[in-house]
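2 protein chains.
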Amino acid sequence: MDKQKLIDTHKRIAPYIHRTPVMTSRLINQEAGAELYFKCENFQGMGAYKLRGATNAILQLSDAQRPKGVVTHSSGNFAQALSLAAQRLGVDAHIVMPSSAPKVKVEGVKTYGGKIYICDPTLEAREAEADRIAKETGATFMHPSNDLEVILGQGTAAIELLQDHPDLEFLVTPIGGGGLIAGSALAAHYFGNNCQVIGGEPFEVDDAYRSFHSGKIESNETTNTIADGLKTILGSNTFPIIQKYVQDIIRVTEEEIVAAMKLIWERMKIIVEPSSAVALAAVLREPLRFRKKKVGIVISGGNVDLGNLPF
Amino acid sequence: MDKQKLIDTHKRIAPYIHRTPVMTSRLINQEAGAELYFKCENFQGMGAYKLRGATNAILQLSDAQRPKGVVTHSSGNFAQALSLAAQRLGVDAHIVMPSSAPKVKVEGVKTYGGKIYICDPTLEAREAEADRIAKETGATFMHPSNDLEVILGQGTAAIELLQDHPDLEFLVTPIGGGGLIAGSALAAHYFGNNCQVIGGEPFEVDDAYRSFHSGKIESNETTNTIADGLKTILGSNTFPIIQKYVQDIIRVTEEEIVAAMKLIWERMKIIVEPSSAVALAAVLREPLRFRKKKVGIVISGGNVDLGNLPF
Chain Y
3 MDKQKLIDTH KRIAPYIHRT PVMTSRLINQ EAGAELYFKC ENFQGMGAYK
53 LRGATNAILQ LSDAQRPKGV VTHSSGNFAQ ALSLAAQRLG VDAHIVMPSS
103 APKVKVEGVK TYGGKIYICD PTLEAREAEA DRIAKETGAT FMHPSNDLEV
153 ILGQGTAAIE LLQDHPDLEF LVTPIGGGGL IAGSALAAHY FGNNCQVIGG
203 EPFEVDDAYR SFHSGKIESN ETTNTIADGL KTILGSNTFP IIQKYVQDII
253 RVTEEEIVAA MKLIWERMKI IVEPSSAVAL AAVLREPLRF RKKKVGIVIS
303 GGNVDLGNLP F
Chain E
3 MDKQKLIDTH KRIAPYIHRT PVMTSRLINQ EAGAELYFKC ENFQGMGAYK
53 LRGATNAILQ LSDAQRPKGV VTHSSGNFAQ ALSLAAQRLG VDAHIVMPSS
103 APKVKVEGVK TYGGKIYICD PTLEAREAEA DRIAKETGAT FMHPSNDLEV
153 ILGQGTAAIE LLQDHPDLEF LVTPIGGGGL IAGSALAAHY FGNNCQVIGG
203 EPFEVDDAYR SFHSGKIESN ETTNTIADGL KTILGSNTFP IIQKYVQDII
253 RVTEEEIVAA MKLIWERMKI IVEPSSAVAL AAVLREPLRF RKKKVGIVIS
303 GGNVDLGNLP F
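Protein chains in written order, with our numbering: chain Y, 3 to 313; chain E, 3 to 313.
Note that these hints are calculated values from the structure, not bench results.
The reader is advised that the hints may include incorrect statements.
It does not matter which identical chain is used: a pair holds within one copy or between any two.
[Unchecked claim] With a straight-line cut-off of 25 Å between C-alpha atoms, the simulated SDA-like cross-links for lysine to any residue are:
hint	residue 1	residue 2
1	K5	E151
2	K264	F313
3	K70	N148
4	K112	Q32
With the hints as constraints, model all of the structure from the sequences given.
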């Protein structure tokens, strides 16, 4: 994972993604006591940063792989991302979704032409179904977070943020499977100027926090969080990168997530999903650490079921 | 109202307002069958275009008027706008609000340091209270929409939109008191290239539509609309400008307003208030008229009570 790989990745996917804006809010800065720069991947195609990784992974398929399509399992955003990237690049996408996936995300996959397979909402069921499809169709399996090309793609949001604001002292992202924070940490390492990378994670699914401290990949016994994108656990590729390049992980309560989400909606007038609010919640939870610092926050996505809001 | 006045106004207020972004949405363009350019005044300071007019009006106060402050009556956005503009410019703001005003807007006025006076939710009660305050304090009354300096200020959003996209064939805004559309129509007349100006208005408060066709200012018997910013009627200054420079007014149902609002929230990931959605609803209602046209839409604001959403 050298610097050139990140540069090549950004160049490769740039024609297929939006360079999303960086927004600020005077009122949220006041509340946080810090200078916050929000990289708005909720404005990315299909509404989340995951289009970056999916696009990169598909562009890296071989000529032999491409006609056989791709398959993944995802509770939502990666499913939509792979569907849209595949549609744009003329590749078939088979998408395994748990029956618990938000309706708006299932609809999104349909809109983008992905072929949907619903399964039980367990990791085992998802993996088994994806495995079956890969064997039957010859489609290439793409992991939503642990794939190296996916990780590189996800890191490009942080590259852009650091191009716009090279002097960030912190970069904060949510942690689910770890693809976003691993890519972002690589970007901060190669493109930042002593930029510390911090993960935000719900107490309710604090597997990454526990993994970070125990030194091995931990899992969650329950996944009772509103941050539906953060229920997955770290992988064999994301975890070592996180161990090496991430400085800390801050856990937040469900109440803090909802409050941060409401703050962003009310003050910034943008729609962010609960998983994205976790990063701001982490900053608000530790005001002393971030006091007067320049902090980049990756707003990971904006796909929310409007019929089912927490306020 | 010559072109130079608009140019001077924009120059005067530019240091105090955001140059808001223009956003587009591939999916909404598909649905509309047109090319839409959204001027995002929901990202304006205090969350609405009204900061423009309020700032201009205060900057035009005489040295004698300034120390005595300003007074207005407003159901919401102009109240916040005048409070914030006054606070920034060191002027006292007395704000008369109807008891029916959304809580989020009352809170906004408090945040921005406006002095609040609650009255009955009728135009008569609002006017009487503002009149009393003006007499007692010597504050200069500023009408939320009918003041000429306010109208000029509101027109600057359309100036910027036309600077960014000079070849717009249509410009669509909501109509309440008429300040936004009157200012926008002046801007389109002087800065557009045969740009037609269309108003969007709820059927439930279609006073402007009826005024436009009868040739005299009509009022509403009821104001039963979700578009809380559009309940006011045209004035002696806004109406003649609308008669001269606005081409048509399209009425929309409450269902169409909510559907357009939901579409913007889901597809563009931005928070817009119901009054703003009226403009998109008007475009979606008449697909033949706008087919394949370049259409500018002024998103007037994003101040929504999140505890009281229509979906």
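* Alpha-carbon proximity between K70 and N148, which holds within one copy, between copies, both or neither at 25 Å -> within (21 Å within a copy, 64 Å between copies)
* Classify it for me, K112 with Q32: is the Cα-Cα distance of at most 25 Å met within a copy, between copies, both or neither? => between (41 Å within a copy, 16 Å between copies)
* Asked: Checking K264 and F313: alpha-carbon separation at most 25 Å within a copy, between copies, both or neither?
  -> Result: close both inside a copy and across copies, 8 Å intra and 16 Å inter.
* Give the relationship of K5 and E151 under a CA distance limit of 25 Å: within one copy only, between copies only, both, or neither. => within (14 Å within a copy, 55 Å between copies)
Against the hints set out earlier in the document, no violation occurs for any number.
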